[in-house]
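S.K.: Now for the letters of each chain:
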Amino acid sequence: MTTRTIRVDYLARVEGEGALDLHISDGRLVAAALSIFEPPRFFEAFLRGRGYNETPDIVARICGICPIAYQMSAVHAIENAFGVTVGGQLRALRRLIYCGEWIESHALHVVMLHAPDFLGYPDAIAMARDHGDAVRSSLALKKTGNDLLRLLGGREIHPVNVRPGGFYRVPQRSELEPIAEKLKQAYDQAIGLVRWVATFPFPDFERDYEFVALRHADEYPLNEGRLVSNRDIDIDIADYESEFEERHVAHSTALHSLLKRRGAYLVGPLARYALNFDRLPAAVRALAAEAGLAAVCKNPFRSIIVRAIEIVFACEEALRLIADYEPPKEASVPTEPRAGVGFGCTEAPRGICWHRYAFEADGTIRTARIVPPTAQNQPSIEADLMAVGAPLASEPDDVIRHRCEQTIRNYDPCISCSTHFLRLAVHRT
Amino acid sequence: MDDRRQPRLAVWKFASCDGCQLSLLDCEDELLDLAGTIKIANFLEASSAVEPGPYDLSLVEGSITTEHDAQRIREIRLQSKHLVTIGACATHGGIQALRNFADVREFVAAVYASPEYINTLATSTAISAHVPVDFELQGCPINKTQLLEVISAFLAGRKPAVPAHSVCIECKQRGTVCVMVQGTACLGPVTHAGCGAICPSYRRGCYGCYGPMETPNTAALAREWRALGATRHDIRRVFRSFNAMAEPFLQESAAHDD
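These protein sequence lines map, in sequence, to chains Z and B. So for the first sequence, my numbering puts the first residue at 197; every next one is plus one. So for the second sequence, my numbering puts the first residue at 3; every next one is plus one.
Honestly, the hints are just simulated from the structure, not real lab data.
Simulated pairs of lysine-lysine, DSS-like, Cα-Cα distance not exceeding 30 Å:
no.: 1; chain 1: B; residue 1: K161; chain 2: B; residue 2: K174
no.: 2; chain 1: B; residue 1: K174; chain 2: Z; residue 2: K339
no.: 3; chain 1: B; residue 1: K41; chain 2: Z; residue 2: K339
no.: 4; chain 1: B; residue 1: K41; chain 2: B; residue 2: K83
no.: 5; chain 1: Z; residue 1: K494; chain 2: Z; residue 2: K456
no.: 6; chain 1: B; residue 1: K174; chain 2: Z; residue 2: K525
Construct the complete structure from the given sequences, taking the supplied hints into account.
M.R.: Below, the structure written as C-alpha cells:
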C-alpha cells in the first residue's frame with residue numbers, strides 16, 4: 197500500500213479561512229472534504245433581541261465583500277413581515293446599488309483572485325507585470341462599481357444608506373450624471389474583460405448540476421423572483437425550507453445546505469445564467485455567444501466568463517436605471533412593525549442569500565435564520581473536487597493541489613459569510 | 003527594486019468579515035504603486051505566494067475567538083517588528099463580542115445542530131488583550147485613506163496622523179448641518195472621527211461604528227438621547243453594537259441595563 201500526504205492548511209485568494217483534505221488510497225481518490233475553520237460569529241444568535249431598524253447595519257457585517265446582499269435580503273424580509281411594499285424609483289435604486297456590488301465583487305474575483313490561476317501567477321500584482329493593461333482596466337472597472345456603491349450607500353464597505361422601506365437619502369438626478377459617464381467606460385472595459393478571459397485555457401470538464409436561482413417575470417434577477425431550478429423546483433421564497441435543509445458536518449463550521457430530495461445543488465453565476473439566459477439583453481447574449489458560451493454552461497472553470505458577462509449586464513442595467521431615474525418624493529415608505537414572520541431572498545454575487553426573521557409586535561427580532569450562498573455551494577464544491585481530482589490521483593502533489601485550489605476558487609467562495617463555512621491536505625494510503 | 007531592500011508587509015485575518023483587509027484591495031489607484039514600494043510578503047486573501055517572517059509591518063484584522071487563534075496571534079507578534087490592528091474586531095472585539103454578554107453555549111446551540119463540533123471561546127476579545135499592539139486603527143470598516151497613512155507612517159518610522167477627535171468635527175469640516183439639532187439622535191459627539199461623517203450627510207444619526215473618541219462624555223450624550231425620546235433600551239443597544247467592548251461604550255451600555 198502506498199501512502200502520500202499533501203496538505204494545504206490555508207487556501208489563498210478566497211475570502212475567509214478554509215482548507216482541503218484529499219484522501220488517496222492505492223492511487224484512487226476516495227474522499228474530498230472542504231474544511232471551513234473560519235471561527236463562528238453567531239449572528240443568528242445575537243440578532244435575537246435587536247430592533248428591525250438595526251438589522252441592515254448588523255447583517256452587513258457578515259460579509260465585507262457583499263454587504264448589500266445581506267442588507268437587501270434583510271430589508272425585503274422585514275418589509276415582508278410588516279406588509280410593506282417598496283416600488284417605483286425606490287425599488288429601482290435598490291437594483292442600482294446592487295449593480296454596484298455585482299460590478300465590484302465580480303471584478304475583484306475575476307481579476308484579483310481567479311484570473312491568476314489560469315495564467316500561472318500567484319496573484320494579480322505579479323500578473324500585472326505581464327498583463328498590465330488588463331489588470332489596470334479591471335481595477336478601473338472595480339473602482340466604478342465601488343463609486344456607485346459609495347454614491348448610493350455612503351461607502352463601499354458596510355454602506356449606511358439602506359433602511360427598511362427604502363433609503364435615508366435619495367440622490368438628485370444631477371448626482372447620478374458623473375457616475376453614468378464612468379459606467380459607459382466600465383461597460384466597454386467589461387466587454388474587454390469578457391474577451392480577455394474567454395482566451396484562457398479551460399479544462400475539459402462538465403458536471404450535471406442542479407442549478408438554483410431566482411427567476412423574475414421580466415428581469416435578470418437581483419432582488420426578487422421565485423426560486424427555481426433546472427429540475428422541478430419552482431417555489432415562493434417563503435417555501436424554501438420545504439425543499440432545502442441545512443446539515444451540520446464535523447469538518448466544518450459552515451452548515452451544508454442540501455436539497456431534501458436530491459442533495460447537492462449549485463447557486464451563483466452559472467445557475468443564474470442558465471436559468472435566466474432569456475432575461476439578458478440581446479447585446480449581452482450576443483457577447484456570450486462570441487465568448488464561446490451556450491445558453492447553459494456546465495463547466496465550472498468557465499464561470500469566470502459568466503461573471504464577466506454579468507459585469508457587462510450590471511453596467512448596462514445600471515445605465516438603464518439611471519436614464520429612467522426620477523427622484524422619489526420620499527426617501528422611504530413608512531414601516532410600522534407588527535408581530536410576524538418575513539422572508540427575503542436576493543441574488544448575492546455568489547448566489548442566493550436567504551433570510552427569515554420572526555418579529556415581536558414592536559419589531560424586535562425573536563428568531564433569525566440566514567443561509568449564505570457559499571454554504572449552499574459547499575456540497576457541490578466537494579463533488580467537483582472528487583470529479584476533478586479522481587483522474588489526477590497518480591499525478592504529483594503540486595499538480596493536484598493547484599487544480600483543486602482552482603476548483604474551489606471557481607466558486608468565489610466567501611468563507612466569512614458561510615459560518616455557519618477551508619485547510620488543503622492530501623492523505624495517501 | 004531589489005526585494006531584499008523593500009519593507010515586508012503581512013496581512014492577517016482572525017474572526018471578521020474580511021472588510022478591513024478588503025480596504026487594501028479597494029485602493030484601486032494605489033495598489034500597484036504600493037506593491038512596487040513594499041513587499042507584500044504574506045496576504046492570503048490576495049496572493050498564494052506566502053513568504054516566511056520576519057515582517058516589518060503586520061496588519062491584523064479580526065478578533066480572538068478560539069484557543070488556536072490566541073496561540074496564532076502570539077506567533078505573529080514574534081515575527082512582526084510592528085503590529086497594527088485594523089478595524090473594530092481587532093481593536094475592540096467586534097460585533098461578535100455580543101457573545102460576551104450571553105452564554106456562548108446557548109449561542110452555539112441556537113445556530114448549530116451539533117454543538118460538539120464547534121470549538122469556540124466564551125468571549126471575543128481584542129488583539130491587545132493577547133499581545134502588545136503598536137497602533138490601533140478604528141472603524142467598521144476602516145477608512146482606506148487612513149490605512150495608507152498608517153502603512154506609510156510605520157514604514158517611515160513616524161506616528162500616524164489619525165485624529166482622535168469626534169465625528170462632530172468632521173460634520174463641521176464638510177459643512178453638514180447637525181442632525182441632532184433637527185431631532186435625530188446621533189452618536190457623533192462621542193464617536194471617533196475617520197469615516198468622514200457619512201451618516202449625517204445621508205440624513206441619519208451616526209451609529210458609532212468607529213468606536214469611542216478620545217475622552218468621550220457618553221453620559222451627557224445619553225441624557226440628550228433621552229430628551230429626544232430614546233428609551234433606556236435604545237441607548238443600551240446603540241452602545242452595545244460594533245464596539246460593544248470598547249471601555250466607554252461598555253460602561254454606558256451597562257449603565258442602561260435593566
